[in-house]
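Those sequence lines, one after another, are chains A and B.
Going by this note's numbering, the first residue of the first sequence is number 3, and it counts up by one from there.
Going by this note's numbering, the first residue of the second sequence is number 58, and it counts up by one from there.
Incorrect hints may have been included.
Chain A stretches covered by chain B per the calculated footprint, using a threshold of three residues with CB under 8 Å from any CB of chain B [stated by the list, open to error]:
1. 97–106
2. 149–161
From the derived model, a few chain A residues whose C-beta atoms are all more than 12 Å from chain B [to be verified]:
3. E16
4. D24
5. A67
6. D115
7. R116
8. Q142
9. L176
10. I183
11. Q232
12. S240
13. E247
14. P251
15. M258
16. K278
17. L310
18. T323
Stretches of chain B that chain A covers, calculated by requiring three or more beta carbons in the stretch to come under 8 Å of a beta carbon on chain A [unchecked claim]:
19. 229–243
20. 256–267
Simulated from the structure, these hints should not be mistaken for laboratory data.
Heads up, the beta-carbon is just placed ideally off N, CA and C, and yes, glycines get one too.
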Amino acid sequence: MNGGFLNLERVRKEFGSVLAVDTFNLEVGAGEFVSFLGPSGCGKTTTLRMVAGFEQPSSGTIWLAGKDVTFAKPNERNIGMVFQSYALFPNMTVGQNVGFGLKVRGRPKDEIDRRVQEMLELIQLRDLEKRYPYQLSGGQQQRVALARALAIRPQVLLLDEPLSALDAKIRIALRAEIRAIQKELGITAIYVTHDQEEALSISDRIVVMNVGEIEQVGTPFEIYNFPKTQFVANFVGSLNNAEAEVIDPANGILAMDGVHLKTADAHMSNRSKHDKVKISIRPERFSFAAEPMKDNVVDCIIENITFLGSVVRIQISIGDTKFNMDTFNNPYLDLPAIGAKEQVMCSREAVLVLGDAPESAG
Amino acid sequence: MTITTTPAPLAAKAAAAGTPARKNRFWSWLIYVAGAVYFLTPLAATFYWSLRAEKGKLGFEAYRRLFAETDFLPAFSESLVNAVAAILLSLLLIVPTAYWVTLRLPKLRPVVEFITLLPFVIPAVVLVFGLLRLYSRPPLLLTATYDSSRVLLVCVYAALSFPYMFRAVDNGLRAMDVRALTEAAQSLGAGWPTILLQVIFPNLRVALLSGALLTFAIVIGELTIALFMAQHTLGPYMADLTRSKVYEPSAMALVAFALTWAAMGMIAYISRERRQP
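Please model the entire structure based on the sequences and the hints provided.
Okay, here's the thing in structure tokens:
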């Protein structure tokens, strides 16, 4: 066992011949908010369900507060869980739902009543104590589900895509509320989502998963700005991908369609001249070259301009390669004409080298 | 001058829609009336016949005689007890089975569905001969006494209720997110008995009542099996009555019919109350 409050050690889960989770190692500190992010079928929910005790690992160990809970029953783990479908008990009122866990534990009635009031206060639904779940909106139901999970004072709070069934505005408001409550109570939380914006906005750390494996673990800032793999770079945020040839490994100089680009990639010195590599640049890292700059200033042609609300997306071609460039919208934005020749720039840190291009791979 | 007109497309739409709608309504009513006549005429005839027990006038003499019969109430109460026992046994077997199949063994659903349908496929006579053959000799001698035969009868009635009970419970389980509710209860510390009694059963209330009342309707007047097992229940009593009396069997048939409809009415009433737990 390592130093975390919740530790997953070499956890693996197979369903018959299908490997759902492969050698998952993670330490979650007390009070930390960690999100599992990945596409459908990547194993994030299966991992969460193993922590909850609804699935048993094929191998590996799960430690919670220093105790091996790998094969403990779900009702013996003291873990609170919030489900995508809310899973409120339809035959019980809001108050009865929130107090259910305490009632099961045989707590005295006045203690249950007091705790229910505290929880309803926390989620600001005190007036709805006598209502039944079908009399609540989706957002209200999910807040009740959160209160119910927190009422038992769980050691860990697990949230399985809790906002997926809600509309966009409520989703944004509720995720801020969940984060605020988690911070206020200082509870350790694991949050499963396939929504990158949700994961980036709510988490202390993000675990990006793909086909049952961890691709990268890091803070939202690290995950977005310094993706370690092509998958992470593509999955989190928008990305321009291209191929380039290594010209000067020592100085991090690449050539793409005859245009020289500089990169700050730390592993460039391990590469050889004429290696083919995949490069990625985020659309917002480009800007129009208003002044000369040491790094990358390149000629381009404006191909298309798309208005996306707060952002304007400009499609440019550099040589034969097309890139997207994002710039914040404002009413006084001086946009170039389509077909115009312009100069754009980006820093050498913006040019990410994320692997070998197919020609030189293997 | 103000000119008010109906917009042309709307007017055309209304005119076009009127004729077929009226036509449809006519056919709906015709089918409804034909159905009502088909079903109600025999009932009306039976009722009319049951009122003619006294010569020269219509009255409820047949009903008075029926309830005055010393054998009627014991037969009725025996059937009632059998029905309740069969319902309880059926619930005890079907609810945990359907719950477990939904939660853990969904692949077994077709097998369980087939097994629960067997009472529809096997004729009652075949069923009763098979049962008598199996349970009338050691080591499973259940027909030695009247009471042990009655236990066997209740077991058979429970089996007869499987098609209705399983479907009712299965529909009820499908209407809720069984897995999420179970897991939510588990994560809050509940064990299996608590989950079943406090979460699953209360949310299956309507389904359980539907299954129970359908079982009641089948069992209360069942004849073939009770007759072969020599049980003094309502079915054999009615058959006996038909052979020995003229007007009372009609009165009896209507009483049994009323009981069945009362059961159905109760299902409808409780289903309507569903959204006000």
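Here is how each hint holds up against the structure:
no., hint, verdict
1, 97–106, "holds (count 3)"
2, 149–161, "holds (count 4)"
3, E16, "holds (18 Å)"
4, D24, "holds (24 Å)"
5, A67, "holds (16 Å)"
6, D115, "holds (17 Å)"
7, R116, "holds (18 Å)"
8, Q142, "holds (17 Å)"
9, L176, "holds (18 Å)"
10, I183, "holds (18 Å)"
11, Q232, "holds (36 Å)"
12, S240, "holds (34 Å)"
13, E247, "holds (53 Å)"
14, P251, "holds (53 Å)"
15, M258, "holds (50 Å)"
16, K278, "holds (49 Å)"
17, L310, "holds (36 Å)"
18, T323, "holds (48 Å)"
19, 229–243, "holds (count 8)"
20, 256–267, "holds (count 4)"
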